[in-house]
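Colleague: Chain A is fixed; fit chain B onto it per the hints.
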Amino acid sequence: MNDIIVKTVARIIVPFIQMYGIFVILNGHISPGGGFAGGALIGVSLILYTLVFGVGAAEKKFSHRLGDLSESGGILIYLLIGSVGIVSGGYFLTNLEAGFLKGETGALLSGGMIPLLMVAIGIKVTSTIITLFHAMIEEDPS
Amino acid sequence: MKRFIPVLFFALFLALTYAVLQMPPAGTIDAPSYNHTTEHYLANALEETGATNVVAAILTDYRAWDTLGETIVLFTAIVAVISVLRKRPTAEVIRDE
Chain A
1 MNDIIVKTVA RIIVPFIQMY GIFVILNGHI SPGGGFAGGA LIGVSLILYT LVFGVGAAEK
61 KFSHRLGDLS ESGGILIYLL IGSVGIVSGG YFLTNLEAGF LKGETGALLS GGMIPLLMVA
121 IGIKVTSTII TLFHAMIEED PS
Chain B
1 MKRFIPVLFF ALFLALTYAV LQMPPAGTID APSYNHTTEH YLANALEETG ATNVVAAILT
61 DYRAWDTLGE TIVLFTAIVA VISVLRKRPT AEVIRDE
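Line order of the protein sequences matches chains A and B.
Counted the way this note's numbering counts, the first sequence spans residues 1 to 142.
Counted the way this note's numbering counts, the second sequence spans residues 1 to 97.
Hints listed in this document are in silico derivations from the structure and should not be mistaken for laboratory results.
Where is the CB? At the ideal position from N, CA and C, for every residue including glycine.
A portion of the hints provided could be inaccurate.
If you want the ones that stay clear, here's a sample from chain A, every Cβ over 12 Å from chain B, calculated [as the list claims (entries may be wrong)]:
id, residue
1, Val9
2, Gly56
3, Ser88
Computed, partial: chain B to chain A, Cβ under 10 Å [said to hold, decoys possible]:
id, residue
4, Ala26
5, Gly50
6, Glu70
So that you can see chain B by itself, here it is in the shape it has in the complex:
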């Protein structure tokens, strides 16, 4: 049974490589990611937000809720790191008693 596992993974590798080769080239107009949402952003971002940078318009206007989540992820990460690494004076007091 064990000798079949590498064969299985190689078959999986071949299948995935085939799938990657079937993907449309990046940036073509037929790509599935180029749908009506993209067209709406590119056509109306300047009018609806007043920003000439469409990436900024998507990031902080259309998808501002996602960016809020992103900042909260940063906040949670820094709180976790500080709670582990920063030495607190209260901890020493507790240890001394």
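Only chain A is shown next, with the shape it has when bound in the complex:
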């Protein structure tokens, strides 16, 4: 899209959408939202970037390799956090009994493993949305 107004507005608005997405992910345990909603927000900001600046520019920011890594990394972080429960003598995905920080009610650092799992889900949903979009919008040169 070769329009100076759209490009300028998108360049200004994309960081704010991403910041809001990170806010929603990190505050998932104390306010409405969470990993799925925040990950969708960050993914949508990258879709906006792709639509405005083209697939080539967007793949410099979010490459195939980064997509593959975050795609598998989200699940691996989730499994790793779950395994802490087994190591500390409980069940898989044990929360507070496994020694995660309970924290002060309503503080950002509270809820044990819930914020960590939210971050893992956020990474996963972001890369799912943007990888799906890039895979579908890419044109075959042949």
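Modeller: Same frame as chain A, but now just chain B:
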């Protein structure tokens, strides 16, 4: 025989509509979905998980196993889409030979 099929479906539609009308209104305390599990979550979620958002507490603490399955579903979906749509350099090499 064929002319009875629409009648059959209309009767089914009426029966299902009747069944829907018999359901309790959403959010009432008599609803079958409001059982001891819901009460336990609402009463003890803050104490047992430390999260003020009960939905997040259910999603990633009580039902964390289900959420793991959900992320695996996303992973499988994206792997399937990529394996069909993304062009691979190895495939072209094989085709050229």
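Colleague: Using the nearest Cβ pair, does Ala26 of chain B come within less than 10 Å of chain A?
Modeller: violated, 19 Å
Colleague: Quick one: work out the minimum CB distance from Val9 of chain A to chain B and report holds if it exceeds 12 Å, violated otherwise.
Modeller: Non-interface label on Val9 of chain A holds, nearest chain B Cβ at 30 Å vs cutoff 12 Å.
Colleague: In terms of Cβ atoms, is chain B entirely out of 12 Å range of Ser88 of chain A?
Modeller: holds, 15 Å
Colleague: Does Glu70 of chain B pass the interface hint, meaning its C-beta sits closer than 10 Å to a C-beta of chain A?
Modeller: holds, 8 Å
Colleague: Closer than 10 Å between Cβ atoms is the bar; does Gly50 of chain B clear it against chain A? Give me holds or violated.
Modeller: holds, 4 Å
Colleague: Beyond 12 Å from every Cβ of chain B: is that where the Cβ of Gly56 of chain A lies?
Modeller: Holds, since 15 Å exceeds 12 Å.
The structure shown violates just one earlier hint, number 4.
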